[in-house]
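A.B. asks: Read off the chains here:
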Amino acid sequence: MKKEEMGLEEALDNLEQIVEVLEEGKMTLEESLDLYEKGMKLVKLCNARLESAQRRIECLTGELPPDLS
Amino acid sequence: MTQIFTVTDLNQRIADRLENDPRLHDLWARGEVSNYLHHRSGHRYFTLKDQGSSISCVLFKGSALSLNFELKDGTNVMVFGDVAVYRPQGRVQLVARGIKQDEGLGFRHLQMEALKKKLAGEGLFAQERKRALPLYPERIGIVTSPQGAALQDVLRTIGTYPARIILSPAQVQGEGAEESIASAILALRGRADVIIVCRGGGSTEDLWCFNSEIVARAIFACDVPVISAVGHETDVTIADYVADMRAATPTAAAKMAVPDVEEIKEGLRSTKVRIMRALWTNLERKEERLEYLKHNVSAKRMYSLARDARQRLDILCQSLDGAQAEKMQSLKSRLELAKGRLTAVGPRATLLRGYAIARSEKGLILQAQDARPGEEIELILGRGRLRCRVLECRDDSEGAL
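Order-wise, the sequence lines are chains F and H. When we follow the numbering used here, the leftmost residue of the first sequence carries the number 1, and every step to the right adds one. When we follow the numbering used here, the leftmost residue of the second sequence carries the number 70, and every step to the right adds one.
Source of the hints: derived by calculation from the structure; they are not laboratory data. Some hints here could point you the wrong way.
Claimed, not checked - Calculated lysine-lysine pairs in the DSS-like style (CA-CA distance at most 30 angstroms, straight line):
1) H:K355 / F:K44
2) F:K38 / H:K355
3) F:K44 / H:K130
4) F:K41 / H:K334
5) H:K334 / F:K26
6) H:K324 / F:K26
7) H:K199 / H:K118
8) H:K130 / H:K169
9) F:K41 / H:K185
10) F:K26 / H:K341
11) H:K324 / F:K41
Said to hold, decoys possible - Chain H regions said to be covered by chain F (calculated; three or more residues, Cβ under 8 angstroms):
12) 334 to 341
13) 349 to 355
14) 373 to 381
15) 420 to 427
16) 430 to 443
Glycine included, C-beta positions come from ideal geometry on N, C-alpha and C.
Pulled out of the complex, with its shape left as it was, chain F reads as follows (with noise of 0.2 angstroms):
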């Protein structure tokens, strides 16, 4: 899957998984700096998903009352 359709709970679920290889600490210097690059870039990630929301409604039949769009 790509880093762009990488939904909220997959890039979250990566992240806790990232932090805990971390903590766990039994991995080489050069290691532990591309998971933490990783683990960065999933938060910024998160964090876009977070903000960039813009609500988006559909309606199955037809068209939105539109108060509601």
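Using the hints provided, position chain H relative to the given structure of chain F.
C.D. replies: Just chain H, lined up with the frame of chain F:
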């Protein structure tokens, strides 16, 4: 010999029989009001019915004065009166002298209890069938009236949570409401991660459609968890029993459906701190290891590892904001220190010949100007190190040697 009656005589005879029966006088009859008519004359006509039968009732103007509630269709009542025959039509009727509201279970309630029993028997309410709600739904289906306040409440509560909201409009009261709700629910199959079926408060009559079998079965047939929120706290409908979750109000339903955006943000902030701290701890551990290894491992290699890490940190720093950058800066200086120690490992052989490396907090001291009088510096010798205080900084251009 068989007697031949005129119709009038026959009705008279029936009337005599019934009206003279003392057990058909001063009686109470319980049922639901329907076909209610408040006649111009002031008399009230209605049919009293239960599940299996009905009887005509009349409440004459004079007796109607004692009514202390509004009589209307659907009301469960206790009627006090006498049985009489309306002779022109041979119709048996109950002449009411008093009516009070029936606080007990009416016919419809009995019907609902029966349905509840049946559905429970089929396992529609089974606890083990209830599904857990998704933590972060991306598609939220809502079954309700587009005009209702319930929808507004739900939308307001979902707030800025990033999800697609799919409204499946339904008529939530009146004739045809049951079918409308059921098909609106079924229309959401395969289109949502969680479904909210809701309606604002109303009379028991208004909410009754949520007690229907067709709505119950539609909820049961859903492929994703359903949250029901019908009426207020005290109104519990069959839909509530079948749903995976019951919310007291539409607002409460929305709260169950989505996580709090602010909470997620707060979580992200603390995750960020954890990641930083973990990296920090990792670096510290590496440093300790470096310390341990430096006597055994090629200094050159370790040095280059440290340099690489530093470069990475430089790059990272550029993408971080102020507070983080500061933290990273201190990580960097720690690395700098580690590097310093490594450089010390390199020329170990030289040191053993009597040279020393002078170092301050700022780094290596290569010339007198690198230190200040009074400053504490470190001298690294072939074996061990000295902590020293500078007495004077003299800049001899030719050098002492």
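A.B. asks: Which hints, by number, does the structure contradict?
C.D. replies: Per hint list: 3, 6, 7, 9, 15, 16 violated.
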